[in-house]
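Taking the hints into account, I'd like the entire structure generated from these sequences.
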Amino acid sequence: MRINLPDELDKEFRTIIASKYGYSKGALSLATQDAILKWILKNGKEPWLYIDSNMSLDIHEELILPFFKKVAELLDPQKISISFEASREELDLISKIFENFELDGDDVFFEVEKSDFIPTLRQFIRVLKVTNKPSLLIELDDLTIIGGGAGCLNICGEISTQKYNEIVLNFLKDLNVEVKSNLNDKKNYQLILLNSNSTLIELYDTG
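Position in the sequence shown (from 1) plus 60 gives the number in the working numbering.
Because the hints were derived from the structure by calculation, they are not lab data. Each hint should be verified, as a subset may be incorrect.
Heads up, simulated DSBU-like pairs for lysine-lysine below, C-alpha to C-alpha not over 35 angstroms straight-line [what the hints assert, rightly or not]: (1) K139 x K174; (2) K189 x K139; (3) K193 x K223; (4) K246 x K223; (5) K156 x K223; (6) K189 x K156; (7) K240 x K130; (8) K233 x K223; (9) K193 x K130; (10) K193 x K246; (11) K246 x K174; (12) K174 x K193; (13) K130 x K189; (14) K193 x K139; (15) K174 x K156; (16) K129 x K193; (17) K240 x K193; (18) K246 x K139; (19) K247 x K233; (20) K240 x K174; (21) K233 x K156; (22) K223 x K247.
Distance ranges between label pairs, derived from CB positions [what the hints assert, rightly or not]: (23) K240 x N160: 42 to 50 angstroms; (24) K223 x E149: 32 to 40 angstroms; (25) F158 x K247: 38 to 46 angstroms.
Ideal placement from N, C-alpha and C gives every residue a C-beta, glycine not left out.
And the structure:
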């Protein structure tokens, strides 16, 4: 494994990694890479943005709409649907605010036009906090994005690695974030932003 670590990372982070795991810029063992990720994720440095090559993302709430906007822009889907599980109180609220939805037990299903996708999703986030629902499903043609709650997203379905990387790179470009590596040359990678002002941490397989 290798890592591109931004110079402005706080002193505490660099000190702990160097003293505990023998960090130096360049090659890293898998154990060291795992240790770094665990420290970031579990010891007070939960990232603002996490993306990996397995099409898993963990992104801050303010990035949800920009991400889906970029996905819709680059995929240009002909059919978009949004579904999620709703409580009885939420169903009452939905029936008062929204039209043209279907019910299957506690699951609510909306089919939306591309032009209405982001405005509709914005309403769902504002009114119903749908990004916190582990039952959230967003389908764009043959692509399915599954919500795991708290900004966790998993992408599955008909999408190539190259197209996924294109989405990632364009999304990050819109955030003014530079990726130094060629993602299409990396079999495995993890991209991490600790906060909105940090430089991107890049972890990737050199094999």
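Against the structure, the hints:
no., hint, in the structure
1, K139 x K174, "holds, 8 angstroms"
2, K189 x K139, "holds, 23 angstroms"
3, K193 x K223, "holds, 27 angstroms"
4, K246 x K223, "holds, 14 angstroms"
5, K156 x K223, "violated, 38 angstroms"
6, K189 x K156, "holds, 17 angstroms"
7, K240 x K130, "holds, 21 angstroms"
8, K233 x K223, "holds, 15 angstroms"
9, K193 x K130, "holds, 21 angstroms"
10, K193 x K246, "holds, 32 angstroms"
11, K246 x K174, "holds, 32 angstroms"
12, K174 x K193, "holds, 22 angstroms"
13, K130 x K189, "holds, 20 angstroms"
14, K193 x K139, "holds, 22 angstroms"
15, K174 x K156, "holds, 23 angstroms"
16, K129 x K193, "holds, 20 angstroms"
17, K240 x K193, "holds, 34 angstroms"
18, K246 x K139, "holds, 31 angstroms"
19, K247 x K233, "holds, 21 angstroms"
20, K240 x K174, "holds, 32 angstroms"
21, K233 x K156, "violated, 39 angstroms"
22, K223 x K247, "holds, 14 angstroms"
23, K240 x N160: 42 to 50 angstroms, "holds, 46 angstroms"
24, K223 x E149: 32 to 40 angstroms, "holds, 39 angstroms"
25, F158 x K247: 38 to 46 angstroms, "holds, 43 angstroms"
Hint compliance for this structure: hints 5 and 21 are broken, all remaining hints hold.
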